[in-house]
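Protein chains in written order, with this note's numbering: chain A, 15 to 294; chain B, 181 to 506; chain C, 10 to 361.
Worth flagging that the hints you see were computed from the coordinates, not collected in a lab.
Among the hints, erroneous ones may be present.
Now the stretches of chain A that chain B is said to cover, found in silico as 3 or more residues with beta-carbon under 8 Å [said to hold, decoys possible]:
| # | stretch |
| --- | --- |
| 1 | 32-45 |
| 2 | 70-82 |
| 3 | 163-171 |
| 4 | 211-224 |
Think about it this way: if two alpha-carbon atoms lie no more than 20 Å apart in a straight line, the pair counts; the simulated EDC-like pairs of lysine to aspartate or glutamate are [unchecked claim]:
| # | chain 1 | residue 1 | chain 2 | residue 2 |
| --- | --- | --- | --- | --- |
| 5 | B | 401 | B | 475 |
| 6 | A | 186 | C | 35 |
| 7 | A | 190 | C | 248 |
| 8 | A | 230 | C | 309 |
| 9 | A | 190 | C | 358 |
| 10 | A | 230 | B | 263 |
| 11 | B | 316 | C | 309 |
| 12 | A | 195 | C | 309 |
| 13 | A | 234 | C | 354 |
| 14 | A | 99 | B | 498 |
| 15 | A | 194 | C | 351 |
| 16 | A | 194 | C | 343 |
| 17 | C | 37 | B | 345 |
| 18 | C | 310 | C | 248 |
| 19 | A | 99 | B | 419 |
| 20 | C | 310 | C | 329 |
| 21 | A | 234 | C | 293 |
| 22 | A | 99 | B | 334 |
| 23 | B | 309 | C | 35 |
| 24 | B | 312 | C | 354 |
| 25 | C | 350 | B | 299 |
| 26 | A | 186 | C | 358 |
| 27 | A | 234 | B | 299 |
| 28 | B | 316 | C | 35 |
| 29 | C | 245 | C | 309 |
| 30 | A | 190 | C | 354 |
| 31 | C | 40 | B | 366 |
| 32 | A | 234 | C | 248 |
| 33 | A | 234 | C | 358 |
| 34 | A | 91 | B | 366 |
| 35 | A | 214 | A | 139 |
| 36 | A | 99 | B | 499 |
| 37 | C | 113 | B | 498 |
| 38 | A | 230 | B | 299 |
| 39 | A | 91 | B | 299 |
| 40 | C | 350 | B | 263 |
None of the values given here were measured: they were computed from a predicted structure.
No residue lacks a Cβ here, since even glycine has one placed at the ideal position from N, Cα and C.
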Amino acid sequence: MATSDVVPRESAGGMSKQRIVNDMSIQVATVNGSGSQSSNTVLLRSIFQMGVPVSGKNMFPSNIAGLPTWYTIRANKNGYIGRKKEIDFLVAMNPETATEDTMSLAPGASVLYDEPLALHKLRNDLIFYSVPYDKIVAQVCPEAKLRKLVKNMVYVGVVASLLTIDMGEVEKAIRKQFAKKVKAANLNLAAAQAGFEYAKANLEKRGVFYIERMDKTAGKIIIDGNSAAALGCMFAGCTVVTWYPITPSSSLGRNTASGPTGKRRSRSFKPKTNWPQSAW
Amino acid sequence: MVIGAGWAGARSMTATAGPGISLMAEFAGLAYYVEVPGVIWDIQRVGPSTGLPTRTSQGDIVSTAFLSHGDTKNIMLIPCSVEECFTMATEAFNLAEQFQTLVFVMSDLDLGMNNWMSDPFPYPTTPIKRGKVLSKEDLDRLGGFARYKDVDGDGIGYRTLPGTEHPAAAYFARGSGHNEKAQYSERADDFENNMERLNRKFETARSFVPRPEITKGNNAKIGIIGYGTSHWGITESRDQLRAEYAIETDYLRLRAYPFTREVHDFVEQHEHVYVVEQNRDAQMLSLLKLDVKPELTPRLRSIAHITGLPLDARSITDELTSMEGK
Amino acid sequence: MGTTTVEPGSATPGPKTNRIGLTVIDYKGGKTTLCAGCGHNAISERIIEAMFEMGVEPEFVIKPSGIGCSSKTPAYFLTRSHSFNAVHGRMPSVATGALLANRKLICIGVSGDGDTASIGIGQFVHLMRRNLPIIYLIEDHGVYGLTKGQFSATADLGSKLKTGVVNDLPPIDTCALAIQLGATLVGRSFSGDKRQLSAMLKAAIAHKGTVMLDVVSPCVTFNDHEGSTKSYKYVKEHEETLQDVSFVPHFEDINVEYDPGSTIQVTMHDGSRLHLRKLEEDYDPTNKVRALTRLTEAHEKGEVLTGLFYVNPEAPNFIDMLNVVDQPLATLPDSMTRPPKEVLEACMEELR
Chain A
15 MATSDVVPRE SAGGMSKQRI VNDMSIQVAT VNGSGSQSSN TVLLRSIFQM GVPVSGKNMF
75 PSNIAGLPTW YTIRANKNGY IGRKKEIDFL VAMNPETATE DTMSLAPGAS VLYDEPLALH
135 KLRNDLIFYS VPYDKIVAQV CPEAKLRKLV KNMVYVGVVA SLLTIDMGEV EKAIRKQFAK
195 KVKAANLNLA AAQAGFEYAK ANLEKRGVFY IERMDKTAGK IIIDGNSAAA LGCMFAGCTV
255 VTWYPITPSS SLGRNTASGP TGKRRSRSFK PKTNWPQSAW
Chain B
181 MVIGAGWAGA RSMTATAGPG ISLMAEFAGL AYYVEVPGVI WDIQRVGPST GLPTRTSQGD
241 IVSTAFLSHG DTKNIMLIPC SVEECFTMAT EAFNLAEQFQ TLVFVMSDLD LGMNNWMSDP
301 FPYPTTPIKR GKVLSKEDLD RLGGFARYKD VDGDGIGYRT LPGTEHPAAA YFARGSGHNE
361 KAQYSERADD FENNMERLNR KFETARSFVP RPEITKGNNA KIGIIGYGTS HWGITESRDQ
421 LRAEYAIETD YLRLRAYPFT REVHDFVEQH EHVYVVEQNR DAQMLSLLKL DVKPELTPRL
481 RSIAHITGLP LDARSITDEL TSMEGK
Chain C
10 MGTTTVEPGS ATPGPKTNRI GLTVIDYKGG KTTLCAGCGH NAISERIIEA MFEMGVEPEF
70 VIKPSGIGCS SKTPAYFLTR SHSFNAVHGR MPSVATGALL ANRKLICIGV SGDGDTASIG
130 IGQFVHLMRR NLPIIYLIED HGVYGLTKGQ FSATADLGSK LKTGVVNDLP PIDTCALAIQ
190 LGATLVGRSF SGDKRQLSAM LKAAIAHKGT VMLDVVSPCV TFNDHEGSTK SYKYVKEHEE
250 TLQDVSFVPH FEDINVEYDP GSTIQVTMHD GSRLHLRKLE EDYDPTNKVR ALTRLTEAHE
310 KGEVLTGLFY VNPEAPNFID MLNVVDQPLA TLPDSMTRPP KEVLEACMEE LR
C-alpha cells in the first residue's frame, strides 16, 4: 500500500485492531533549556537503532532559556524523512503551549501529557495518556535540583512502552548521550525505566502506531549539516577559518576547530591554525 | 579575512547567514573583481533583516547570485543532505581556486541544525587542486606574466602569491579599473575587456559546477525543479502524485549555479515545470527565467513556501494538483 | 656590513647596495599621480629608503591599503611587492587574513584619516587589540582628499575648510586609541620630518607587533590654508617633539655611545636599538598611563605632539598567540592539510 499521510484512525476510546507500523510523526513540546535536547536525541536514536529511518527537527525560539520549543521526529519505513504536516503523537511537556498544541491536532491523534494539565477535557476525538511526571521523577531522583533536567527522560520511557520501542535501545542511546558522565547516564536511565514501568502498569494502549525493528539504518550515521560541513572543510584541506557567531551558522565555525564530537583530533596530523573571530 | 588569506594562497572560509551575507556584499564584489578565491557557507534562515533567526528558508538565492553592486555573478553550490554538506566542501574549494572567485555554499537552518541520517561520508579522492598559480620556477621560465590576461581562453588568468621569490612576481590587486597587467586603467576598452573576460569565466564554470540530479518518472509531461532541503518534500510528493492522482513527474534537483546544459534541456522537455522553493518571491524561478530561452519562460510555474517550517510533501502535492486543475 | 643611503645626484660610480645586494632602485615604485607637494609623496620616499636600509626582501613585503589618496600610494613604492587595494576602512581584515596565511610576510598597511577614523574605526579597534605584526600607517591630513576635501574624524575642533565651513566635532586621536587598545609601538610623525620619520619607520620594520604610526601629511589642495590645523605652517608652528629618535638595526655592529641621563635605549625583539634622546621633558615611552595623559595634555594645549609615544617590544603578537605554523599555508603538502582516511572512519564510527 502506498504510504499516505492521511490515516484512517480508530475513534478514541475503542480498542484498536489496526496497526500502523514505522510510519508516524512524534512531536515533543517542551521549554528550551530544560534538558529536553538529551531526551529528544535519545528517543530519535532509539528508533534509529531499531533500523527505522528517522529525522529529528527542532523548532526553537530566538532565546536562551524559558521559551517554548518543539522537537518533531518522523519515522518512516519508506525513508520519507521530510516534515509531515500532521502530528500523530504529541508529548505535551510545556504547560504554556499545551492547549494550543492539543487543539491543533487532527482527530485520532494521541496526546501524552503531564497529569496536572488535564488536557483530556479539551477534546473527545483524541487519545489521551496522562502521566504524573513529578511523582515519578521524585522517586528516582532524590536531588531536587536535578529533577528538572531528568523529568524529560521519563517521557522517553513512557513513549517506548506505548509505541513498543525496545528499552535496550533506549539504554544504549542514553549511554551514548551521556558517554562521559556515568552518574548522569544512570540517573537518566532510571528515569526512563521508571516511565516505562509506569506506562506498562497504568496506561492502556489505544492508538494505532507502533515502532518495530527493521533493517534500513545499518551502518548509517546521524549528524547535523553544520558538523558535516565542518568535517568536509577539514578534509578539503582548508587551513584558515574565520567566523562571527550568527544563528544558524555558529556551530559550523566552532566545529572546524573541535570536530562534531567535540574532540580535537591530534594523531600524526599536525594541528591546524587560525580560528580567529572575524571583526567586521 | 577570508579574502586576505585566499589572496595569500590559503584555502579559507567562513560561515554565516542572511544578514552576514548582506554585510559581505561590498567585499564579495571586490573578490569577484580582483579574483580572489574563498568559500562562504550561507546557512539560510528567514529574512529580510533579522527576520526569524531560528527558522529555515531558501531566501538568499537571488541576492547571493548577484551579491554586490555592479555586474557581479557568483558561483553557488546547493547541498540537499548532510552528505552533500561534506562532499560539496571539497568541490567548493576546488572551484574557488580554479575560478579564482568566491563560492557560496547555500545550506539552510533545517539542514544545518537538525539531525539527519546518512550513509557514512566517502573519503575525498579528488586531489586538492590549487588552480593557476605561478611559482618562482614558472616565472624564471616565462620571464614575467600579466595577471588578468586570458591566456587559455577560459577567462581565467594566472596569479602569483605574495612571498614568491622573483622580482616579477608582484602585482597590484585592486578593485578599481585595471588592464591585463593589473595596472591602474580608466580606459573604456580595458574595462570592457575585463568585464567580458569575467563573464567568460562564469560561462566556463557551467561545465565544472556540480551537475543536477535527474530522476525520471514514467512518460512524464510535468517536470519539477527543486533544490536543497526541498528535496525531501519533493520525493515524497512525487509518490503521492503518482499514487493518489496518477500524475507522473520528472524531477531535476539543482546542485549549483550557474545552470548547466541539463537544466535548459529539462525545461525544454516538459510542458509545465514546477519550481519548488522555500522563499516568497520564487527566487530560483527568477534566476531560471533570466537564463533559459525567452520562449520557454511561460512553462515555469512557482510553488513557493515561506512559513519558516521545513517544506512538507502534502503542501507540494496540493499546490501542484491545484495548478494542474485536478 | 653597513648600509648607506644613496644621495640623489651624487657622483659616486655605481649605486650602493644593502646587505642583501639590492640598490635603492629595487625598492622604488611607479610615478606618483598625487598632487605636487602632497605630504604622502614624502612618506613614500621614506618608506623606500627605510626598506632599503633595513635590507628587507621586497618579495616578502605586502602592501594592503584602504581607499583614498593614502591608499593609492603603494603603487609609488616597492613595485616588487604585492599590493592589495581593499575596501574603504576595511584593510585590517584583509591584512590579518594574509598574515595568517603566510606569517613570513612583512606587512605595511597604508591607510588615511578618512579611511581609518570613520568607517574604518571598527576594524581599527580590533586590529590594535590583537597586536597583529603589521605596520599600520595613517597618512593624516584631517580631510577626505580623494572626494575633494570634506572634514574627516581627525580634524580638530574649530578648524576651517577653504569654503569657510568650521568643524564642530572633536577629533579622534588614533594614537591614544591605539595605545589604549593594545598596539605595541605607537608614534606620530610629520611627512616633512625626514629624520624622525625614517627612524620610526625602521623601528617599525624591526618591531614584532602592531605599529601604529600617525603621520601628519598635509593636503596641499584642500587643507593647507590659514584655518587648517594640519597644514605645513600650522604643524611647524605648533609641533612639540618628545624626543630625538634614532635607530640602530641589529645587523649594524656599531656600539652607539649614549648618555643614559638624557637618552633612553629600547632594545627591540630582534636586537635592534631605539635611541630616544629627550628634548624638553622626561618621557618614558614604556609607560602607557603617561603616554595617554601626555596625549590628552597635548590636545588641551593645542600642540601637535610628535615622537615615539609608546613601545612594548616583547608583547606576544597575534600570530604567535594562535600558534600559526611557520610555513606559508599555501606550501603545506596535502598530507598536512587533509587528514588521512582513518581519521574520517573514526569520526564516522563515533556518529553511528
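Hints versus structure:
no.: 1; hint: 32-45; result: violated (count 0)
no.: 2; hint: 70-82; result: holds (count 7)
no.: 3; hint: 163-171; result: violated (count 0)
no.: 4; hint: 211-224; result: violated (count 0)
no.: 5; hint: 401/B to 475/B; result: holds (18 Å)
no.: 6; hint: 186/A to 35/C; result: violated (70 Å)
no.: 7; hint: 190/A to 248/C; result: violated (70 Å)
no.: 8; hint: 230/A to 309/C; result: violated (78 Å)
no.: 9; hint: 190/A to 358/C; result: holds (12 Å)
no.: 10; hint: 230/A to 263/B; result: holds (17 Å)
no.: 11; hint: 316/B to 309/C; result: violated (55 Å)
no.: 12; hint: 195/A to 309/C; result: violated (62 Å)
no.: 13; hint: 234/A to 354/C; result: holds (12 Å)
no.: 14; hint: 99/A to 498/B; result: holds (12 Å)
no.: 15; hint: 194/A to 351/C; result: violated (23 Å)
no.: 16; hint: 194/A to 343/C; result: violated (34 Å)
no.: 17; hint: 37/C to 345/B; result: holds (17 Å)
no.: 18; hint: 310/C to 248/C; result: holds (11 Å)
no.: 19; hint: 99/A to 419/B; result: holds (16 Å)
no.: 20; hint: 310/C to 329/C; result: violated (40 Å)
no.: 21; hint: 234/A to 293/C; result: violated (66 Å)
no.: 22; hint: 99/A to 334/B; result: violated (48 Å)
no.: 23; hint: 309/B to 35/C; result: violated (34 Å)
no.: 24; hint: 312/B to 354/C; result: violated (32 Å)
no.: 25; hint: 350/C to 299/B; result: holds (16 Å)
no.: 26; hint: 186/A to 358/C; result: holds (15 Å)
no.: 27; hint: 234/A to 299/B; result: holds (5 Å)
no.: 28; hint: 316/B to 35/C; result: holds (18 Å)
no.: 29; hint: 245/C to 309/C; result: holds (18 Å)
no.: 30; hint: 190/A to 354/C; result: holds (18 Å)
no.: 31; hint: 40/C to 366/B; result: holds (17 Å)
no.: 32; hint: 234/A to 248/C; result: violated (73 Å)
no.: 33; hint: 234/A to 358/C; result: holds (9 Å)
no.: 34; hint: 91/A to 366/B; result: violated (64 Å)
no.: 35; hint: 214/A to 139/A; result: violated (23 Å)
no.: 36; hint: 99/A to 499/B; result: holds (14 Å)
no.: 37; hint: 113/C to 498/B; result: violated (61 Å)
no.: 38; hint: 230/A to 299/B; result: holds (11 Å)
no.: 39; hint: 91/A to 299/B; result: holds (16 Å)
no.: 40; hint: 350/C to 263/B; result: holds (16 Å)
When held up to the earlier numbered hints, the structure conflicts with 1, 3, 4, 6, 7, 8, 11, 12, 15, 16, 20, 21, 22, 23, 24, 32, 34, 35, 37 and fits the remainder.
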